[in-house]
Amino acid sequence: MTAMVKAEAVHKRFARLEVLRGINLEVEPGEVMVIIGPSGSGKSTFLRCINHLEKINAGRLWVDGELVGYRQSGDKIYELREREVARKRAEIGMVFQHFNLFPHMTAIENVVEAPMRVKGTPRQRAAEDGLELLERVGLADKCRAYPSQLSGGQQQRVAIARALAMEPKLMLFDEPTSALDPELVGEVLDAMRQLAHDGMTMIVVTHEMGFAREVGDDLVFMDDGVIVEQGAPRDILASPREVRTREFLSKVL
Amino acid sequence: MQVRHWGRWLSAIVVLALVAWLVESAVRAHFIDFAVVRKYQFSSLILKGLQATIVLAVLAQMTGIVLGVVFAVMRLSKNPVMSAVSSFYIWFFRGTPVLVQLFFWYNGVPLVFHRLTIAIPFTHVTLYSTPMTTFMTAFMAAFLGLALNEGAYMAEIVRAGIISVDEGQVEAASALGMTSMLTLRRIVLPQAMRVIIPPTGNEFISMLKTTSLASAITYGELLRRAGDVYSTNFEVVPLLIVASIWYLVLTSVASIGQYYIERRFARGRMRSPAETALQRVMKVMQRSPRL
Ligand SMILES: Nc1ncnc2c1ncn2[C@@H]1O[C@H](COP(=O)(O)OP(=O)(O)OP(=O)(O)O)[C@@H](O)[C@H]1O
Ligand SMILES: [Mg+2]
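Read top to bottom, the protein sequences are chains A and B. For the first sequence, the working numbering assigns the number 1 to the initial residue and increments by one for each residue that follows. For the second sequence, the working numbering assigns the number 1 to the initial residue and increments by one for each residue that follows.
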């Protein structure tokens, strides 16, 4: 079985700042990988590399067996054109810390926009599917609301529905609950838990250790651009092997 | 509490008295002959000029908006050639008087280029050819001059609008597989509108008046037509007032239109739709103190 995501010695630099310094990991289809780590350790950057929002400087990165952003023919590597990159991105859903819903569109319009404009799904079909997705995240009654009329938790659930509307094979979550009031965190985590239960492959950057322990198949602790420790969430959270992991966990738990 | 408003009332009365005195003395001195104004306000010559003014202003403004979007996107492009060309355009057209530009198109271009020829490059196939003086009519020169000049101003306005949109929006659109063109059209520009529309309304109001410069290159817009009339009957002041009244009507209608368009584009940004002008007036009246 090909890994859904495979990273080999992935490096990323911003000018002189080395943000990723050799990341190696594999995510199997259907697996939920949770990434934790201190601020500035490169978690977001790594997620953004996976759907080519950032270009890696060295190493290799595959999604579902295909190079990210490049095409290999023989032993030569060619950069993909914008349209091809976009098509690949459409297969990967992403959920952001600040939701990034389109504020000039209602919830349902947010959800149907990409299926209609990118995939060419007919309006009727897109609307039916979109409504079903909103129902799945418990927001069918809010389909005509604008983002500004929704709570943070509701906005994030619409954002999840919006990503799912493209029928992605992989979902990336970048601190999806960090911007939420504590009482709204649960509803978003519930939606994500449901998604994991339905078999979605997910990479989740989060500080929600309860979620990591309960839903995660694999836990990665990143610090300073490298993976410091990786293993079963239960084991790492209960008895971290590395000093840096222990220090970090003692601060967040 | 009420005492504070005495000053306000006193100053209002003084100002109103001054205005009344001015109008009264103007009328008494026959400075304004309202009969002449009334006679020409709806005369066919003036209405033709009015129509020409509207056509020129609308066409030049719309073309200016399109040029503005194109040059704003070029200016923000990562391609240094694109952004340099756009910077040069903006620098040039904002830095020279529009009247000079109009003379340049109308008088200068036909002197330098005798024929306008559209041909397929590197072949002898000619698609279209005409003497420049036939092509560069007063209307064409006015249109080109005003549109290109407006494009430079609109480019800066559109650029400010695009920059005002949160980067996360582009990121979310890209992550959904939208190309940059689609993202610009569906996500960025609609949100930039909130920032772009108010100054664009001002630009159009200003354009309605700037078209009067086209009278200097013989284009028969409102001011030119008024001039045609008073050069034969010498009723200079009444005809200038006739023209001014039309300009005021045009700019007032444009301001009202601007208000409603702004309200429409605020959609989704507020929890409830913005109040209409009437609602706003009512609110202000309720707020003001009892007399
Ligand atoms: N576009 C960029 N240009 C320059 N530096 C950047 C850019 N994006 C990120 N960085 C830097 O890269 C480093 C890692 O950033 P990243 O956002 O990946 O960290 P993170 O682990 O997600 O942190 P946080 O928990 O705060 O979100 C930081 O030092 C950040 O300042
Ligand atoms: Mg981050």
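One thing to keep in mind: the hints can contain errors.
List time: in silico DSSO-like cross-link candidates among lysine-lysine, alpha-carbon distance up to 30 Å [stated by the list, open to error]:
{"hint": "1", "chain 1": "A", "residue 1": "6", "chain 2": "A", "residue 2": "55"}
{"hint": "2", "chain 1": "A", "residue 1": "142", "chain 2": "A", "residue 2": "169"}
{"hint": "3", "chain 1": "A", "residue 1": "88", "chain 2": "B", "residue 2": "39"}
{"hint": "4", "chain 1": "A", "residue 1": "88", "chain 2": "A", "residue 2": "55"}
{"hint": "5", "chain 1": "B", "residue 1": "39", "chain 2": "A", "residue 2": "76"}
{"hint": "6", "chain 1": "A", "residue 1": "251", "chain 2": "A", "residue 2": "169"}
{"hint": "7", "chain 1": "A", "residue 1": "119", "chain 2": "A", "residue 2": "88"}
{"hint": "8", "chain 1": "A", "residue 1": "88", "chain 2": "A", "residue 2": "169"}
{"hint": "9", "chain 1": "B", "residue 1": "78", "chain 2": "A", "residue 2": "55"}
{"hint": "10", "chain 1": "A", "residue 1": "6", "chain 2": "A", "residue 2": "169"}
{"hint": "11", "chain 1": "B", "residue 1": "209", "chain 2": "B", "residue 2": "39"}
{"hint": "12", "chain 1": "B", "residue 1": "78", "chain 2": "A", "residue 2": "119"}
Computed footprint of chain A on chain B; a stretch qualifies when at least three of its residues, placed anywhere within it, have a C-beta under 8 Å from a C-beta of chain A [to be verified]:
{"hint": "13", "stretch": "184–192"}
{"hint": "14", "stretch": "225–234"}
Derived by calculation from the structure, the hints in this document are not laboratory data. A quick note: this is a predicted structure, and the numbers were derived from the prediction, not measured. In this text, a Cβ means the ideal position worked out from N, Cα and C, and glycines have one as well.
These are the hints, each one checked on the structure:
Our distance criterion of 30 Å between C-alpha atoms is met by residue 6(A) and residue 55(A), whose separation comes to about 15 Å. This hinted pair checks out: residue 142(A) and residue 169(A) have alpha carbons roughly 26 Å apart, not beyond 30 Å. The suggested pairing of residue 88(A) with residue 39(B) is violated, with an alpha-carbon distance near 70 Å, which exceeds 30 Å. About 14 Å separates the Cα atoms of residue 88(A) and residue 55(A), which keeps this hinted pair within 30 Å; it holds.
The suggested pairing of residue 39(B) with residue 76(A) is violated, with an alpha-carbon distance near 82 Å, which exceeds 30 Å. For the given pair, residue 251(A) sits about 34 Å from residue 169(A) by alpha-carbon distance, which is inconsistent with the 30 Å threshold. Restraint check for residue 119(A) and residue 88(A): satisfied, since their Cα atoms lie roughly 12 Å apart, inside the 30 Å limit. Proximity of residue 88(A) to residue 169(A) is assessed by CA-CA distance (about 11 Å); at most 30 Å being required, the pair is judged to hold.
A distance of roughly 16 Å separates the Cα atoms of residue 78(B) and residue 55(A); the hinted pair therefore holds under the 30 Å criterion. Only pairs whose Cα atoms come within 30 Å are accepted, and residue 6(A) paired with residue 169(A) is accepted, the gap being roughly 14 Å. With a C-alpha separation of about 23 Å, the suggested pairing of residue 209(B) with residue 39(B) holds against the 30 Å cut-off. Straight-line distance between C-alpha atoms of residue 78(B) and residue 119(A) comes to about 27 Å, which keeps the hinted pair within the 30 Å bound.
Coverage of the stretch 184–192 of chain B by chain A holds in this model, with 4 residues showing a Cβ closer than 8 Å to a Cβ of that chain against a need of three. Restraint check on the stretch 225–234 of chain B versus chain A: 0 residues with Cβ-Cβ distances below 8 Å, three needed, restraint violated.
In this structure, the earlier hints numbered 3, 5, 6, 14 are contradicted, and the remaining ones agree with it.
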